[in-house]
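**Student:** Each chain, letter by letter, is given below.
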Amino acid sequence: MRVKVRLFARLREIVGSAEIERDVPPGATLAVVWDQLAADFPALAPYRGSISAAVNADYARLQAPVGDGDEVAFLPPVSGG
Amino acid sequence: MAAPLSLDALTTVVVESTDGPVGGVSSFLGLVRGENLGRRVRFLEYEAYDALALKVLARIEQEARAQWPSATVGIHHRTGRVEIGEASIAIVAASAHRADAFAVCRYAIERVKQILPVWKHEHFDDGETWVEGATADPDDEAARQEARRRACA
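Residue numbers (the working numbering), protein chains in the order written: chain R, 8 to 88; chain S, 6 to 158.
Treat the hints loosely; a few may be bogus.
Stated by the list, open to error - Part of the chain R face toward chain S, derived, beta carbon under 10 Å:
| hint | residue |
| --- | --- |
| 1 | V39 |
| 2 | P49 |
| 3 | Y66 |
| 4 | P83 |
Claimed, not checked - Covered stretches of chain S (chain R as the covering partner; in silico rule of three or more C-beta atoms under 8 Å from a C-beta of chain R):
| hint | region |
| --- | --- |
| 5 | 46-60 |
| 6 | 108-121 |
| 7 | 141-150 |
Hint data in this document are derived by calculation from the structure and do not stem from the laboratory.
Being a predicted model, the structure only gives us computed values, none of them experimental.
Backbone N, C-alpha and C fix where the C-beta goes; we use that ideal spot for every residue, glycine too.
Build out the structure end to end from the sequences listed, making use of the hints.
**Tutor:** Here it is as structure tokens:
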């Protein structure tokens with residue numbers, strides 16, 4: 008199945024794009040999507056312990072499953088204000 | 006939002022949307038500093054995950070209402086380029102009494118720092134860097150309690 012992955016701030020710069028399509032196995036969790044991405048972009052790997060994630064613009068745990076066509080987002084630590 | 010922030014406009018909206026009597030209004034403006042950790046900052050750029058940020062702002066307003074039922078809060082955050090001395094965030098809290106207005110204002114900025122999906126990009130004379138603060142987890146009860154503790158300190 009296919010998901011849209013959105014990336015922000017430093018993560019966006021590492022991947023070189025704000026939004027990419029990714030093929031992931033059926034039943035994949037957010038963690039699987041991230042690990043596949045980090046395998047292709049090794050500079051992402053150090054963020055494994057500090058990212059947040061969202062599915063369809065709602066915060067979600069890395070253990071949460073993703074579905075075909077979902078918008079997945081990975082967020083580095085936030086710094087608003 | 007991309008336009009400059011107006012405390013007056015936000016105050017009007019917040020006061021008019023408060024159900025009960027308003028006896029106190031507290032506000033907070035966060036300004037862009039021209040210096041951070043000893044380096045001269047030329048300007049900032051803010052990036053946001055807009056769709057999620059709007060939901061998180063609504064969540065923070067709802068959390069505040071649950072804790073301080075007589076209070077209403079409004080939060081505006083800039084995105085894009087923000088110059089030194091300009092406001093990056095405006096918060097207004099209105100309540101029947103001053104104590105709740107102050108508390109809600111403080112609670113809101115602490116929660117923004119913890120969970121709002123916004124990122125600050127600092128531009129210096131000789132480079133740039135993304136500021137990385139808190140790992141956002143809206144369900145982290147300890148973080149929420151810390152925001153409440155600071156609000157009531």
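**Student:** Which of the stated hints cannot be reconciled with the structure, identified by number in ascending sequence?
**Tutor:** Hints 1, 2 not satisfied by this model.
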